[in-house]
Structure formats: structure tokens, C-alpha cells
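There are 2 protein chains.
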Amino acid sequence: MFTGLSLLGNKYGSASGAEFYGINPATGEKLEARFVSAGPEDVDRAALLAEEAFPSYRKLSGKERAHFLRTIADNIQAIADAVIERANLETALPVARLQGELARTVNQLRLFADVAEEGSWTGPRIDTALPDRKPLPRPDIRSMLLPIGPVAVFGVSNFPLAFSVAGGDTASALAAGNTVVVKAHPAHPGTSELVGNAVRDSVKACGLHPGVFSLLFDSGIHVGQRLVQHPLIKAVGFTGSLAAGKALMQLCANRPEPIPCFTEMSSSNPVFILPGALQQYEKVAAELTASYTLGAGQFCTKPGLVLLPKSENADKLSEQLRKRAAELPEFSMLTPGIAAHYRSGLEHRAATAGVRVGFESANASAGSKTTAALLETEAADLLSNPALTEEIFGPTTLLVTCKEEKQMLEAARALQGHLTATLLGTEEDLAAHQELIAILERKVGRVIFNGYPTGVEVCHAMVHGGPFPATSDSRVTSVGSMAIFRFARPVCYQNLPQSALPTELKNENPLGVLRMVNGEMTRETIPS
Amino acid sequence: MFTGLSLLGNKYGSASGAEFYGINPATGEKLEARFVSAGPEDVDRAALLAEEAFPSYRKLSGKERAHFLRTIADNIQAIADAVIERANLETALPVARLQGELARTVNQLRLFADVAEEGSWTGPRIDTALPDRKPLPRPDIRSMLLPIGPVAVFGVSNFPLAFSVAGGDTASALAAGNTVVVKAHPAHPGTSELVGNAVRDSVKACGLHPGVFSLLFDSGIHVGQRLVQHPLIKAVGFTGSLAAGKALMQLCANRPEPIPCFTEMSSSNPVFILPGALQQYEKVAAELTASYTLGAGQFCTKPGLVLLPKSENADKLSEQLRKRAAELPEFSMLTPGIAAHYRSGLEHRAATAGVRVGFESANASAGSKTTAALLETEAADLLSNPALTEEIFGPTTLLVTCKEEKQMLEAARALQGHLTATLLGTEEDLAAHQELIAILERKVGRVIFNGYPTGVEVCHAMVHGGPFPATSDSRVTSVGSMAIFRFARPVCYQNLPQSALPTELKNENPLGVLRMVNGEMTRETIPS
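Quick note, the sequences are listed as chains A and B, same order. Here the UniProt record's numbering is used: the first residue of the first sequence is 1, the next is one more, and so on. Here the UniProt record's numbering is used: the first residue of the second sequence is 1, the next is one more, and so on.
It should be emphasised that the hints constitute simulated quantities derived from the structure, not laboratory data. There could be a bad hint or two in this list.
[To be verified] As a list, the in silico DMTMM-like pairs of lysine to aspartate or glutamate whose alpha-carbon atoms are at most 25 Å apart:
{"#": "1", "chain 1": "A", "residue 1": "134", "chain 2": "B", "residue 2": "287"}
{"#": "2", "chain 1": "A", "residue 1": "283", "chain 2": "B", "residue 2": "132"}
{"#": "3", "chain 1": "B", "residue 1": "134", "chain 2": "A", "residue 2": "287"}
{"#": "4", "chain 1": "A", "residue 1": "506", "chain 2": "B", "residue 2": "520"}
{"#": "5", "chain 1": "B", "residue 1": "134", "chain 2": "A", "residue 2": "81"}
{"#": "6", "chain 1": "B", "residue 1": "63", "chain 2": "A", "residue 2": "441"}
{"#": "7", "chain 1": "B", "residue 1": "59", "chain 2": "A", "residue 2": "435"}
{"#": "8", "chain 1": "A", "residue 1": "246", "chain 2": "B", "residue 2": "257"}
{"#": "9", "chain 1": "A", "residue 1": "59", "chain 2": "B", "residue 2": "428"}
{"#": "10", "chain 1": "B", "residue 1": "406", "chain 2": "A", "residue 2": "51"}
{"#": "11", "chain 1": "A", "residue 1": "59", "chain 2": "B", "residue 2": "441"}
{"#": "12", "chain 1": "B", "residue 1": "283", "chain 2": "A", "residue 2": "132"}
{"#": "13", "chain 1": "B", "residue 1": "63", "chain 2": "A", "residue 2": "435"}
{"#": "14", "chain 1": "B", "residue 1": "59", "chain 2": "A", "residue 2": "441"}
{"#": "15", "chain 1": "A", "residue 1": "506", "chain 2": "B", "residue 2": "441"}
{"#": "16", "chain 1": "B", "residue 1": "506", "chain 2": "A", "residue 2": "428"}
{"#": "17", "chain 1": "A", "residue 1": "134", "chain 2": "B", "residue 2": "85"}
{"#": "18", "chain 1": "B", "residue 1": "59", "chain 2": "A", "residue 2": "410"}
{"#": "19", "chain 1": "B", "residue 1": "406", "chain 2": "A", "residue 2": "52"}
{"#": "20", "chain 1": "B", "residue 1": "506", "chain 2": "A", "residue 2": "520"}
{"#": "21", "chain 1": "A", "residue 1": "63", "chain 2": "B", "residue 2": "441"}
{"#": "22", "chain 1": "B", "residue 1": "246", "chain 2": "A", "residue 2": "257"}
{"#": "23", "chain 1": "B", "residue 1": "323", "chain 2": "B", "residue 2": "360"}
{"#": "24", "chain 1": "A", "residue 1": "506", "chain 2": "B", "residue 2": "427"}
{"#": "25", "chain 1": "A", "residue 1": "406", "chain 2": "B", "residue 2": "52"}
{"#": "26", "chain 1": "B", "residue 1": "134", "chain 2": "A", "residue 2": "114"}
{"#": "27", "chain 1": "A", "residue 1": "59", "chain 2": "B", "residue 2": "435"}
{"#": "28", "chain 1": "A", "residue 1": "134", "chain 2": "B", "residue 2": "74"}
{"#": "29", "chain 1": "A", "residue 1": "506", "chain 2": "B", "residue 2": "428"}
{"#": "30", "chain 1": "A", "residue 1": "134", "chain 2": "B", "residue 2": "81"}
{"#": "31", "chain 1": "A", "residue 1": "506", "chain 2": "B", "residue 2": "429"}
{"#": "32", "chain 1": "B", "residue 1": "59", "chain 2": "A", "residue 2": "427"}
{"#": "33", "chain 1": "B", "residue 1": "134", "chain 2": "A", "residue 2": "74"}
{"#": "34", "chain 1": "A", "residue 1": "63", "chain 2": "B", "residue 2": "520"}
{"#": "35", "chain 1": "A", "residue 1": "59", "chain 2": "B", "residue 2": "410"}
{"#": "36", "chain 1": "A", "residue 1": "406", "chain 2": "B", "residue 2": "51"}
{"#": "37", "chain 1": "B", "residue 1": "59", "chain 2": "A", "residue 2": "429"}
{"#": "38", "chain 1": "A", "residue 1": "59", "chain 2": "B", "residue 2": "429"}
{"#": "39", "chain 1": "B", "residue 1": "506", "chain 2": "A", "residue 2": "435"}
Okay, chain A solo, but in the shape it has when bound (with noise of 0.2 Å):
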């Protein structure tokens, strides 16, 4: 079923290289079927078939580029069960969980095919000629958005669908009208390979050249680090832990040519708990419980951060909390290296000073197994130790109490940068609270009131993205319609003839795109 080589345009990379298998972590087993890690020549065959594909691919319109995403979609579906089935087994990630994650994988997709053909995301911007204009005229200025490049792609770890082979960087970058390689999360090559196969499989049904998208195996980081610094590579999207994320930054930085490297690292999402929010104690604790145990806690948008103001109910809070990660249980995480990382972080953490443990279990867990753990603290503890704020991957969370107002709003003010910012209360609370909104609006990229930062909704107004260390670039998200801004780039065309222009920056506007025409909004046709 699996070849387990990774796939260049339409051939097979080496057979040859460093041998690794995919692991059920919830039996420790290995799975079937052996896959080899790409060598530097996979890597640079990768590129260039990338760069080759990509005159061609660029130029395709809208309409072929939603074409081909939509077909992607559809032979991703048409193998959902072998896919769900072999996702199951290489994460662990419960099958409902990873049905809705295909689903989103396939609207993701479908999304990006409405953008790409409905076109106006190029943001087409003309500036007609004014040859009468003194001292000097005005050259006619058209410009919009062209694809940057060749794009590498990383495989992650906790979205094996969604944020992997086919997932939403590659769906925006191709969208966008870049080519793609893909280096696989080793976690789990086979529902990669599979995924991957349906890739390729659309290439060809869809007539494109065969470089337009490649997929490379690697158990270690070799093939990643060449991939980011090949000089053909033009941009960089990645999902993962904040050391790997700032090594790859590093890498792009220092490139002979630096290139955009856009790295989603690192996040606790601070949740704020408003007195009126306290008053309802059993149900936050409810739902808080179980946003931060979500998929093993295993979601970059965990609430790792709980801060509240001392009072009875805040205590009345905690116990809940402690009660409620009490009779959660065990966890399979998605790798046992990722469960060893958990444990030592919650050890490290736990022996921090002034960190109390509200719940840890008492039962020992081995290999992925892990057990949620509640982790208690003071804000002034937090603030001399601006590392208790940092993210602990798994079931944690820690609850943090501050004696007034003020220093909640200190709190918040000491924090680094977040993907999200979540307020529970009433409205009354929020309007007591302004400057605390404004506070976190500079810290992250979504604020959330009532609601809990798990659960990213793919739509045209979700920003998944936030300042540093959330990710490397505030000005961008990795969800939602707004990502394909990162794989693109404008260009500007002084005084070509209609003939030689790109169809949206036509005077008849044939496709019927939203442009801005000497600084108005309109869809109407430029009179010749």
C-alpha cells in the first residue's frame, strides 16, 4: 500500500536513504510499511522541478487554479476512510476528531478555489495616465498581487490533514499560484504518503506540470534545513515548536538571498476571568477543562494561562478545576517524544518557586501516555517570571490569581506575544475592562470574549497568527482566506499596452474583479 519514497513532481526520490517508521502511540507499536528519508539530491530535484513548474503554473487564471484545488479536495475525499484510518493509527487523534479535520481539510481547500477564481484577492489597483497633467504627466499605473514563488511547506505534527500535506499553507500557496514542496511530519509518513498520492494524482489529471508539487520523506531535520535554504525556494510556511520555528528564521535570515519565513511557534492564550464570569464557577471550569485538554491539550490554541482575581469564588474555581483534571483520562500524545517533552516541562514547571500543583496524578505514565496537570501560581510570581507564561504542549494549564485589578492588567501588560486573548465575562465586566482589551489587542492576534481560543474557524475574518513568539510575522495568519497574502507579492506595470497586460489589470475587466481605479472601489469596466 505505502512505497514510503518520497515523491518528486511525478517519479520517486532515493530509495536509499535513512530508513523510519510511522508509530502508534497508543500501543507503541510500529506500523507498517518502512519510509526513507529524502537525500540532498531529492531536496534539490524538489526545487527545481518547483521552479520549473512555476512559469507555467503561475499563468494559469483563477478559475484553472480552483479547479485543480477542487480536485485535490475530491480525490482527498475520495480516500477519507484509508486516510482517517491510517491517521488514527499513526497520532492517536480519536477518528470523529480527525473526520472533522479531513472535513476541514477539503473546505479549506474548496475556500481557496473560491478565492482563486472569484480573483479580486490580487487587489488590482489602476491608476489611469493624466497626460495633461503639469509640471508632469501621469504615466498609466497598474498593479495587483503575483505569486512570490516556489513555497516549502512543513508537516505538523498535531494537524495531520489540516496542516500538512495538503493542508492550509499548501492550499494558500498554491492558490496564490505557487508551486509546492512538502516536507512530511515523520510522525506520520503514511497518512502523508497518502495524502501526497492525491496530490500528485490531481497534477496529472489536471494537466499541470508535474513539479508543481513534490513531497519529501525525512525522519531528522536535514532535508528540512536544505529545502529553506535552496536558492530557488522563494518562501517558507511552517507550524511547529518555537526552537525548530526560530532555527528555521534563522536559516531564511541568513540565506544569501533572505526569503519570507513564516513560522507559527508558540502560544499559552491567556484567558482572563472577569468577576462576573467567577459568579458561574462550575461551568467555566467545565468548559475550561475541557478547552485545555482538547486533542491531549495538543492544540496551539490551548489555554495554558488562566488568570483571575483573588476572591471566594476564584477559589471556588480552582477546586473545581482540580476536581474536574481529576477524572480526566490518561492521554495518548502524538508522539512519545512529545509526551517526554510534556513530562519534563511540567517537572521543570512544577518546581518553579511559587508554582503550587493543584492536580498532578499520581499514576506514572510512560511512552505517550500522559495525564492532564493543573499548576497553580500568584501574578507576582508570574511577573518576576516572565517563563511561567511561556507554552507547555499537553493537558496543562495554569491558573494564576492576582490580588487586585491592577496587577491583572500588569499581567497582561508583561506578557509576550499570543496567537489569542480570551475574556469570559459579562458585558458590564468588558466595559470595566477597556484597557485591558487594549492591552491584549497589541499582544495577539485573535481576542476572544465568551468563548475559548480552541477551535480556529476557517473563514474570511479569522486571524490565526499574532506577534512574536506566537509566530514570526504579526502581519500575517496561517488560517482563514487571509493567508494566501503571504505567498504573494505586488507588481507594478507602467504604461504597457491592454495587450500585454494581465487579464484583471484589462481595462474591460473580463473577469469582473473588484479593483481600485484612481482611488475607488468598483468592478466597472476602464473606458479605452
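Starting from the known structure of chain A, arrange chain B on it as the hints suggest.
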């Protein structure tokens, strides 16, 4: 008339730093007024003031920001004569040019005022709640662009007004709602102080926090280095040399919190002369000579590389270019250092294998005085020595003869990133050179037909940017209204009550901005 001191909000900086003076490049004489380099404590104070002013400044309405920008424009216009007189002394740029540049500077401020006031630049997006959606309800999600934080702007030697204290970087950063710390260029400190005072007075007249704007003097690089590394600075705008730009990029990438660093650095602006244009060799020679020597060749858009197919007309063009170069007067460059750099660059290139000196003046030049130079080579030599495509700042260009069409494409393919590429020819030439256009679209930010790259229109569609090393980030422009997007980031609000949302995102759309509502662009209100 001059204090010679840095402006830290409404106060002055240290009077005890290293002293320096403006120099008249035309005469070599030291100009009146001693200027004092800012000390480390001045840099820190300016950054802290910018941070202190940010919370109130960013909350101003677009209308209020527009009023502020227009006040700056009015205040600069009110002292136009003094500014132009001083700038002429400090730069040797002709008065007529400086008058044009001052007009451009105030027009830029007014353009960004209009953009800020209209408000749609913030790109509001609203996906309304779908409470009945299965399997999960969709929350209400709304996003828009918000300012990024205090911005460091570097004054530029070759645009003492339009890209200095109140130039395009400052105007776009302020329009987006950011506070600004400018590091003045040491070659025109008096001009900088005059314009700086105009901005400071505007801050006061508009009743803003004085920290909205500060101006730092320095004759060296320490102030700039400290400024971009200051933890409170959140983005950088710079135009200058490749070496300085790369150094700033590295400093920004290596900060504990990396920040976006927008540098515009280096471009040779290749011109491709197609057969149809060669028939008009006399006209082309006249226009090209005017363009490459405009402002003593001190434009980032100077055509420094001219490629043409070998032919009899090509020889005639070359002859005409030589003749015209010989007729040119002596030039005063901006500083003795820039002139020395020009001379050494020329000397080095003239000594490069395959390069012939088409014309170089027999008159020795010294100090800021230089003469034009025409260098010539063959495409084969250019291809074997890519250093020949690098920018030499000053009144020189390199004429490159291509043996055939294929070699012209090869030379285009081998180019690094540049700001512009120009094609001269007939519409038939253009139709026959579609592959050339396709190559150049990937190499530059602006493609020009039958025009010259010097003269950058400040308008909505302009892209003044390009792939590295032209700039640090090809995804943005530093000229035109899109320059505002450098200094903003999207933030999304989930499930916030109307009262807590920014005005642009409220249902009733009181500002009437264009928004994407459930995927459709509209200025309509949303039913509550």
C-alpha cells in the same frame, strides 16, 4: 536658527554628544550650526516616549490622524522657502528639484491623510455568527488592520524631504496609527531640524501626546543600531545602501523579539532596448542619458544597466550615448563620501575583464564633484561576472550588447532582484517578447514600457519594491498608498459585543468603510 539637538517629543536631547556639521557639497564648506549626536539615553528616551504615546495615538480616528498629517503638510509648506534654501546648501540638489520634492512630500502626507480618513485601508472583514450551523455553531468573527507599534524611520541622503523626516515612511507609519522615531541623515541635519520642528509643532497643535514623534541626530551608526534593537521599537523603515540595509536586517532578525525591517537598498533598474526602439537611437540616447544622470544619478531607480541586441543601430546608439556623455556638465554629488564611493566603484568596474570605457572624463574630479561615465560590455561577460549587474550609485550606466535574443533572455534570467525593469520598443516588440516580460515580472516590482524608471509616481497603484537585494521584503512597497500596509497587522475579534468593537467593525458601519461581510465586499450596515 538651529539648536542642533535631537528632539525627544517636546524636549531636546543631550547637548554633550559628538559634534558634526552640515557640509555644502558644491563648495566643500562647513555650514553654520553645530549638530550634536544623540546619546544612548536619548535613544532610549525617544523609544519610551513613542511607546507612551502609542496607546492614545493609535486610538485616534482616521479623521483625527488625517487632520494631524494635513497639519504637518501645512506646517512644512509654511516654511518651504527656508527648508529648500537649507536643503540646497546641504545637498547641492537644485532648487527646482527640491521644490518638486517638497511638493511631493506634502502631497504624500495628504495622500496618506485621505487614506486614513476614508478608513477602508484597514480591510475590515466580518463573518457573522451562524448559531444553528452543524456540527458546531460559527461564532461572530471580525478582523481589521491595527497599527504595529512604535516605528523607527531612517532619513535618506538622496531624498532630504520625500524620504526623510516627514517623508513616505513617516507619513505611512503615522497614517496607520503608529508613533515614529526618526534617525536623521547626517548629510542634511539642518533640513531635518526644520522639518522636525514642523512635525513637533503639529503634534502640539493637534493636542497629541508629545511622544508621537521624536528626531535623533547622529553622525555615525550607533544611534541607528541602538534604535532598531530597542525592545519598544516594533518595525523599521530604511532606504540606503545595501551594506547598511543588510546590517539593519541582521540586527532586526537577531533581536530577542525579531521585528519587520523594511529596507530599500540596491537596484540597477535594467533597461531592455528592443529592435523597434533601436531605430530611434538618437531619441533613446537623449532620453536614457537624461535618466541615468538625473540628480547626478543619485536615484534608486537610475537605469544602471542597458541591454540591447547587437546590430548596426545598437552601434549607433552606443556612439550617441558616448557623445552625449561627453557633453554633460560636472555634477555635485550629495556628499564627498558618496562621490568617493562612486569613483572607486567606477574604477573597479572599468578594470573588470570585458568592460570597456565608452566615455569617462579626462578632467579629474574631487570632493563632491564627479563626471558621468559610460561603460560597455558584452552579455557573455555580464553572465560570467554577476557583479557587473550591481548598482553603482551615481551618473553612470553599463551598456550590455547581447549577441542574440536568447542571450538577452539568459541575461534577464540571471538578474538578481531590482526595483524596476524597462522595455523600450514597439507594441510588436512587446508581443514578441512575452517571455522576457514573464522573466522580469519575477525580478522586479515595476515593469515599465516606453518610459524611464526615474520618476516614481506617488499613487495608489505604485509598487516601489522588489525582490532582494532591491529590498528586504518584496511583499511591500515604500512609495504609494500601499506603503501603509508595512506598518499594520490584522487583529480579529471573536464574539465581542458591539460596544466593545472598533468603529470599523460595528454593525452600523458608521464610517461607511468598504468591508468584506460573509465573503462579499460591501459598505452596507449589518442588521442587528
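Enumerate the violated hints, using their earlier numbering and listing them in ascending order. none
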